[in-house]
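Work out the full structure, taking the sequences as your base and the hints as a guide.
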Amino acid sequence: AVLALCATDTLANEDCFRHESLVPNLDYERFRGSWIIAAGTSEALTQYKCWIDRFSYDDALVSKYTDSQGKNRTTIRGRTKFEGNKFTIDYNDKGKAFSAPYSVLATDYENYAIVEGCPAAANGHVIYVQIRFSVRRFHPKLGDKEMIQHYTLDQVNQHKKAIEEDLKHFNLKYEDLHSTCH
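Residue 105 in this note's numbering sits at position 105 of the sequence shown, and the numbers go up by one each step.
Simulated from the structure, these hints should not be mistaken for lab results.
Note that the Cβ used here is the ideal one computed from N, Cα and C, for glycine as well.
Worth double-checking, as some hints may not be accurate.
Listed below are the simulated PhoX-like cross-link pairs for lysine-lysine, each with C-alpha atoms no more than 20 Å apart in a straight line [stated by the list, open to error]: (1) K64 <-> K94; (2) K71 <-> K94; (3) K173 <-> K161; (4) K81 <-> K71; (5) K173 <-> K160; (6) K64 <-> K96.
Ranges of calculated distance between the beta carbons of each label pair, as one might list FRET restraints [claimed, not checked]: (7) G70 <-> D154: 16 to 24 Å; (8) Q69 <-> K94: 17 to 25 Å; (9) L22 <-> G70: 28 to 36 Å; (10) M147 <-> V62: 28 to 36 Å; (11) K94 <-> E146: 20 to 28 Å; (12) H178 <-> E146: 28 to 36 Å; (13) E175 <-> D93: 30 to 38 Å; (14) L22 <-> H178: 31 to 39 Å; (15) D15 <-> E146: 37 to 45 Å.
In structure tokens form, the structure reads like this:
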């Protein structure tokens, strides 16, 4: 029943969220852009490698990932709705298992974000660390998964102290998370 509730398009459903955000009023203008999911609490998400979310100005979302064998690249499209630190994602048919409410628990906007969500694809609950994907810092060849993995690991290492400090608020350590892109 909780999964069904979590998959609805409502920001009012608090049943999905287990933690209070450190950023109650997310600045969506600063959050917009591309983010790579580096690691998360759900082992189920490890089958989706180097997941990249691109949040755009018109509430459109384009997400790309590679399968666990690193062979098939998939693109899914959806819409987002932000309110406070929470947002919902409503993907098209191909991405429905990821349509869910999410909450930004912590972010410095420029380098990393810690997000909590309730997608069915993560067995109903996940906390994950995202790394800001900036072409100013990195410009991989299209589809070059190894370059994206290297970039992600490098960015995690550069900002690990701050990430670890924020994860402590949620009783987590980075090394306890399941890697999804390094």
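Cross-check of the supplied hints:
Straight-line distance between C-alpha atoms of K64 and K94 comes to about 12 Å, which keeps the hinted pair within the 20 Å bound. Proximity of K71 to K94 is assessed by CA-CA distance (about 18 Å); at most 20 Å being required, the pair is judged to hold. Our distance criterion of 20 Å between C-alpha atoms is met by K173 and K161, whose separation comes to about 11 Å. Restraint check for K81 and K71: not satisfied, since their Cα atoms lie roughly 32 Å apart, outside the 20 Å limit.
Proposed proximity of K173 and K160 is supported: the alpha carbons are some 10 Å apart, at most 20 Å. As the CA atoms of K64 and K96 are separated by approximately 14 Å, the hinted pair is consistent with the 20 Å bound. At roughly 19 Å, the beta carbons of G70 and D154 sit within the given window of 16 to 24 Å. Distance hint check for Q69 and K94: the Cβ-Cβ separation is about 19 Å, which falls inside the suggested range of 17 to 25 Å.
The hinted window of 28 to 36 Å between L22 and G70 holds, with their beta carbons roughly 34 Å apart. Between M147 and V62 the beta carbons are some 19 Å apart, a value that contradicts the proposed interval 28 to 36 Å. For K94 and E146, the Cβ-Cβ distance of about 26 Å falls inside the hinted range of 20 to 28 Å, so the restraint holds. Hint check: H178 to E146, Cβ distance near 19 Å, so the stated range 28 to 36 Å is violated.
Judged by the Cβ atoms, the range 30 to 38 Å given for E175 and D93 holds: they are separated by roughly 36 Å. For L22 and H178, the hinted distance range of 31 to 39 Å is not satisfied, since their beta carbons lie about 22 Å from each other. A beta carbon spacing of about 40 Å between D15 and E146 agrees with the range 37 to 45 Å that was offered as a hint.
Hint violations for this structure: numbers 4, 10, 12, 14, all remaining hints satisfied.
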